[in-house]
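Listed below are the residues making up each chain.
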Amino acid sequence: MSTTTSTAPGVGRDDLARLAEHWAEPRSLRAWFTTVDHKKIGRRYLVTAAFFFVLAGLSALVMRTQLARPESGVVSPQEYNQIFTMHGTAMIFLFATPMLFGFGNFLVPLMIGSRDMAFPRLNAFGYWVFLFAGLFMWASLPFGAAPNNGWFAYAPLNQVQHNPGLHMDVYALGLLFLGISTTSGAINFIVTALKLRAPGMSLNRVPLFVWAIVATAFMVVFALPALNADNTMLFLDRRFGTHFFDPSGGGNVLLWQHLFWIFGHPDVYIIVLSALGIVSAVLPAFTRRGVVAYSLIVLSIVAIAIISFGVWVHHMFATGLPQLSYSFFSAASTVITIPSGIQIFAWLATMLLGRLVLRVPLLFVIGFIVTFVLGGLTGAMFAVTAFDQQVTDSYFVVAHFHYVLIGGAVFPMLAGIYYWLPKITGRMYHEGLGRWAFWLTFAGMHVTFFPMHLTGLFGMPRRVYTYRSEPGWDGWNLVSTVGSYLLALGLLLVLVGVVHALRRGRPAPADPWEGDSLEWSTASPPEPYNFPVIPRVHSLHPAWDARTAESTTTGATAERVLSDGRRTLFTSELDARTERAVDMPESSFKPLVLAGALLVFFTAMLLAAYPVAVVAALVVAATIAAWLWPPRRPDEELGVAS
Amino acid sequence: MTDPGGVVAAATGVTALTTEEPVGRPTGWWGMVLFVATEATLFACLLGSYFYLRFQFGPQWPPGGVDKPKLLLPLLMTAVLVPSSLPVVWAEHGIRRGRRGRLRAGLAATLVLGLTFLALLAVEYAEDLKHFTMTTDVYGSLFYLITGFHGLHVLVGLTMIGWLLTASLRGGSFGSHRHERVRNAAIYWHFVDAVWVAILFTIYLSPRL
Chain L
1 MSTTTSTAPG VGRDDLARLA EHWAEPRSLR AWFTTVDHKK IGRRYLVTAA
51 FFFVLAGLSA LVMRTQLARP ESGVVSPQEY NQIFTMHGTA MIFLFATPML
101 FGFGNFLVPL MIGSRDMAFP RLNAFGYWVF LFAGLFMWAS LPFGAAPNNG
151 WFAYAPLNQV QHNPGLHMDV YALGLLFLGI STTSGAINFI VTALKLRAPG
201 MSLNRVPLFV WAIVATAFMV VFALPALNAD NTMLFLDRRF GTHFFDPSGG
251 GNVLLWQHLF WIFGHPDVYI IVLSALGIVS AVLPAFTRRG VVAYSLIVLS
301 IVAIAIISFG VWVHHMFATG LPQLSYSFFS AASTVITIPS GIQIFAWLAT
351 MLLGRLVLRV PLLFVIGFIV TFVLGGLTGA MFAVTAFDQQ VTDSYFVVAH
401 FHYVLIGGAV FPMLAGIYYW LPKITGRMYH EGLGRWAFWL TFAGMHVTFF
451 PMHLTGLFGM PRRVYTYRSE PGWDGWNLVS TVGSYLLALG LLLVLVGVVH
501 ALRRGRPAPA DPWEGDSLEW STASPPEPYN FPVIPRVHSL HPAWDARTAE
551 STTTGATAER VLSDGRRTLF TSELDARTER AVDMPESSFK PLVLAGALLV
601 FFTAMLLAAY PVAVVAALVV AATIAAWLWP PRRPDEELGV AS
Chain X
1 MTDPGGVVAA ATGVTALTTE EPVGRPTGWW GMVLFVATEA TLFACLLGSY
51 FYLRFQFGPQ WPPGGVDKPK LLLPLLMTAV LVPSSLPVVW AEHGIRRGRR
101 GRLRAGLAAT LVLGLTFLAL LAVEYAEDLK HFTMTTDVYG SLFYLITGFH
151 GLHVLVGLTM IGWLLTASLR GGSFGSHRHE RVRNAAIYWH FVDAVWVAIL
201 FTIYLSPRL
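Chains L and X supply the protein sequences, listed in that same order. Going by full-length UniProt numbering, 434 is the number at position 434 of the first sequence; the sequence numbering is gapless. Going by full-length UniProt numbering, 159 is the number at position 159 of the second sequence; the sequence numbering is gapless.
Keep in mind the hints are simulated off the structure, nothing from the lab. Keep in mind the model is a prediction, meaning the values are calculated, not measured. Hints are not guaranteed to be accurate.
What the hints assert, rightly or not - Per label pair, the in silico range of CB-to-CB distance: (1) Ala40(X) x Leu321(L): 24 to 34 Å; (2) Pro247(L) x Ala40(X): 22 to 32 Å; (3) His93(X) x Gly341(L): 44 to 54 Å.
Stated by the list, open to error - Simulated coverage check for chain L against chain X, where a stretch passes if three residues somewhere in it have a Cβ under 8 Å from a Cβ of chain X: (4) 211-224; (5) 248-256; (6) 334-341.
What the hints assert, rightly or not - Residues from chain X that face chain L, not an exhaustive set, calculated with beta carbons under 8 Å: (7) Gly31; (8) Leu34; (9) Val36; (10) Phe51; (11) Tyr52; (12) Asp137; (13) Ile146; (14) Trp163.
By construction, the Cβ of each residue, glycine as well, lies at the ideal position given by its N, Cα and C atoms.
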C-alpha cells in the first residue's frame with residue numbers, strides 16, 4: 001500500500017515541485033559538507049560506525065591469532081595492551097552506540113511521520129564530532145600511543161606514574177570529545193520524538209523502536225555525565241597533578257570504578273535496549289502480526305532504563321565493598337532480568353501466534369534470541385556474589401558479555417541492516433548471500449565464545465597477552481581462534497551482500513515487506529522531504545491501516561502538505577495534536593566548522609599546546625554565536641508581542 | 001487570521017495553523033531543559049565524588065592543616081548570584097510585552113551581577129591559593145575542580161546573556177518566537193544559580209557541620 005508521490009490526489013504536481021525545490025540540497029561537493037538531511041546523516045553514521053567496527057574486528061583477529069597457541073609472539077605485550085583496549089573502546093563507543101544512532105537518525109523521523117529531526121544542524125554537528133573523535137582515537141594506534149588500559153581504564157593503572165606517555169590522555173580526551181556527539185544526539189532524539197510526531201500518533205501509538213531510542217537517549221542524558229566527570233578528573237590527575245584517584249594525595253582508586261560503572265552499566269542497556277527496539281520493529285513484518293503485549297514492552301523498556309542505574313556495583317563485587325551494598329546490587333541485578341524476560345516472552349508469543357516468513361532478518365532475530373538468552377543466563381549467574389567472586393576477571397566474563405553484546409546488539413543490528421537496506425538504498429539484497437552470512441556469523445560466534453566459558457572456569461584470566469600450556473587452555477583457545485575467523489568470514493559476507501545489493505540488487509518497492517510502521521508508506525529511498533503529505537495516524541500499525549493512506553490522499557490539506565517552505569509540523573507531546581508549522585534550517589557549513597574547531601581544541605590539549613587550545617575554544621564560542629545569530633528580515637518588527 | 005499581510009508569519013518563521021498564537025512548548029525549550037538535566041547530573045557526580053572522597057578520607061577534613069573555608073566571601077557571592085535570576089525574569093517578561101528597554105536593562109543588570117560574582121571568585125582564589133592549590137591534596141583538587149567548573153558555567157551563562165544583549169542592541173530580531181532564546185538563556189542562568197546553592201552547602205558549609 002505504498003503511497004507513490006504522483007498518485008496522491010490531495011497533492012498537486014506544483015506542490016511536489018515546490019517541496020522538491022525547498023528541500024533540495026545544493027549540488028556538488030558543497031552538499032557533502034553542509035547537508036542537514038537526517039537520512040544522509042543516518043547513512044553516514046551507519047557507514048562510519050561499520051568502518052570502526054571493521055577496525056575493531058581486525059584488532060580482535062590479531063588478539064585471537066596471538067592467543068591461538070601458548071607463548072606465541074605475534075605481538076608484543078605493549079602492542080597487545082593497545083590492541084585489546086582499542087578493540088573494547090571502539091566496539092562500545094565508536095561502533096555500538098553510533099551504529100544505533102545511525103539507525104535512529106535514519107528511521108525516527110520516518111517512523112513518526114516527520115520531515116527531519118528537531119535540530120537538523122545539531123544532528124550534522126553530532127555526526128562530524130563522532131567522525132573526528134573516532135579518528136582522533138584510532139590515529140593514536142600507528143604512533144604506538146593508543147589507550148592501553150582496557151576499555152574500563154581502571155585506576156591506579158590509568159595514572160601517569162604507572163602509565164606514562166599519551167595513551168590514557170588519548171582515552172580521556174577522546175571520550176570527552178565523543179561525549180559531545182552522544183549527548184547532542186540523545187537530546188535531539190528525545191525532542192524529535194516528543195514534538196515532531198505526525199498528528200494522531202499519541203504516545204500509545206509510538207513504534208517500539210522509537211520508544212527504545214527515546215529510553216536510550218534518556219539514559220545517555222543521565223549516565224554519560226558520570227563518564228565525563230571521571231575522564232575530566234583522570235585528565236587533571238595525569239596532566240595537572242590533582243589527586244582524585246591517587247591515594248598518595250588522599251584520592252581513592254575506587255572512585256574511578258564507581259563513576260565508570262554508574263555510566264557503564266546503563267551503557268550496556270543503552271546498547272542492548274535500542275537493539276531490542278530493532279527486534280520489535282522487524283518482527284511484525286515477518287510474523288504478519290503486531291508484537292504481542294505492546295504496553296508491557298513499553299513498560300519493560302522504561303523499567304530497564306530505570307533499574308539499570310541501580311546495578312553498577314555488580315561490576316565491583318570483588319573490590320571489598322561493604323556486604324550490605326552487595327545485597328542491594330545483587331537483588332537489583334536479579335530484578336532487571338524480569339523486564340528483559342517480558343520482552344523475550346512477548347517476541348516468542350508473537351512468533352508462535354504469527355505466520356513466520358523465514359527471511360534473513362528473521363533468521364538474525366532467532367539467532368539473537370538464542371544467543372541473548374544464553375548471555376542473559378550467565379548474567380543472572382553473576383548477580384550471585386559468591387559465583388561472581390569465583391569467575392570475575394576470567395574468560396567466563398569475556399564469554400558472557402560477548403554473548404550479550406554480539407547476541408543482544410550485533411545480531412539485531414544485522415537483522416536491521418537486511419530489513420531496512422531496501423529503504424535506505426532503494427535496492428534489495430541477495431537472499432542466498434544473506435543466509436550464508438547468517439549461518440557463518442551464528443556458528444562463528446558460538447564456536448568463538450562458548451569455549452571461553454570453559455577456559456574461564458578453568459581459571460584463564462582475561463586481558464593476558466599469552467599463557468602457558470600447562471593448565472590445558474590451549475585446545476579451547478585454538479577452537480576460539482578458529483571460530484573468530486569463521487565469524488569474520490560471516491561478517492565479510494554481510495559486507496559483500498551490501499555491496500552486491502548496491503551494485504546488482506533489483507530496485508526495491510516502497511514496501512517490500514508489508515511492514516507496519518510509517519517508513520514503509522513512503523518511497524525507497526525516501527525523497528528529501530520524506531512525506532509529500534504529513535500522514536495522519538489512527539493506530540499502532542499505520543502502514544497496515546487503510547485510514548493512513550486515505551489521510552495522505554483524499555484528506556490531504558494544506559496544513560499537512562506544507563509546500564510553501566522547508567517546513568514540518570509541531571504536535572503536542574502526549575497526544576500529538578497539531579500545534580503549528582515550523583521552518584526547518586537550510587544546509588550549513590557551521591556544524592562542520594564547529595566540529596573542526598573542537599578537533600583542534602582536543603588535539604591541542606593532547607599535545608599540551610594550550611595557547612592553541614585557547615584560540616580554538618574562542619573559535620568554538622564565535623561559531624556558536626554566529627550559528628545562533630538571528631537573521632534580519634526587512635519587514636520585521638522588533639519585539640512583536642505574541 | 002488577523003495577519004493578512006503575513007507579516008508576523010514572515011517575521012517569526014511560524015505559520016499559525018490552528019490558532020493565531022504559537023501554542024505548545026517549542027523544541028528549543030525541551031532542548032535546553034534536557035541540556036540542563038545532563039549538566040545537573042554532571043554536577044551531581046562531582047558533588048557526589050566530593051562526599052565519597054571526603055568520607056573515604058577520614059575525620060580530618062579539610063586535611064593537611066588547611067583551615068575550614070571562610071564564609072564571608074562565599075555568602076557575598078551568593079548574595080550577588082542568586083538575586084541575579086530576577087532581572088532575567090524581568091527582562092523575559094518585558095520582551096514578551098514588546099518592551100525592548102526592559103530586555104536590555106534586565107540583561108545588563110544580570111551581566112553586571114554575574115561579572116561581580118566572577119570577580120569575587122577571583123578574590124576568593126587569590127586568598128585560597130596562598131594556603132593550598134589543586135595539587136596540594138585531594139581536598140584542593142575537589143575544591144578547585146568544583147568551584148572552577150561552576151565558574152566556567154557562569155562564564156558560559158554570561159556569554160549567552162551578553163550575546164542576547166548585543167543582539168538586541170544591534171537590532172537583531174526578538175520578534176515573537178525568538179523570545180524563546182531569552183527564555184532558554186534564563187533557564188540556563190537559573191540552573192547556574194541553583195548549582196551554586198548546592199556548592200555553597202557542599203564546599204563551604206558542610207565542612208563546618
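Hints, one by one, checked against the model:
Distance hint for Ala40(X) and Leu321(L): a CB-CB separation of about 27 Å, consistent with the stated range 24 to 34 Å. Look at Pro247(L) against Ala40(X): about 30 Å separates their beta carbons, and that is inside 22 to 32 Å. Checked against the hint of 44 to 54 Å, the C-beta distance between His93(X) and Gly341(L) comes to roughly 52 Å, which is consistent with it. Residue count for the stretch 211-224 of chain L with a Cβ under 8 Å from a Cβ of chain X: 3. That meets the three needed, and the coverage hint holds.
Under a criterion of three residues with beta carbons nearer than 8 Å to beta carbons of chain X, the stated coverage of the stretch 248-256 of chain L is upheld, 6 such residues being counted. Requiring three or more residues with a Cβ within less than 8 Å of a Cβ of chain X, the coverage given for the stretch 334-341 of chain L is violated, as only 0 such residues are present. A cut of 8 Å between beta carbons decides the hint on Gly31(X): the least distance to chain L is about 5 Å, and the hint holds. Annotation: Leu34(X) was flagged as interfacial toward chain L, and the flag holds, the nearest CB pair being 5 Å apart, inside 8 Å.
A least Cβ separation of about 10 Å between Val36(X) and chain L goes past the 8 Å threshold, and the interface hint is therefore violated. Violation of the interface hint for Phe51(X) is found here, the shortest Cβ-Cβ separation to chain L being roughly 11 Å, above the 8 Å cut-off. The interface hint given for Tyr52(X) is met, as the beta carbon of that residue sits about 6 Å from the closest beta carbon of chain L, less than 8 Å. For Asp137(X), the interface hint holds, the least distance from its beta-carbon to any beta-carbon of chain L being 5 Å, beneath 8 Å.
The beta carbon of Ile146(X) is not positioned within 8 Å of any beta carbon in chain L (closest approach about 10 Å), and the interface hint is therefore violated. Proximity of Trp163(X) to chain L holds as hinted, the smallest CB-CB distance being about 6 Å (cut-off 8 Å).
Against the hints set out earlier in the document, violations occur for numbers 6, 9, 10, 13.
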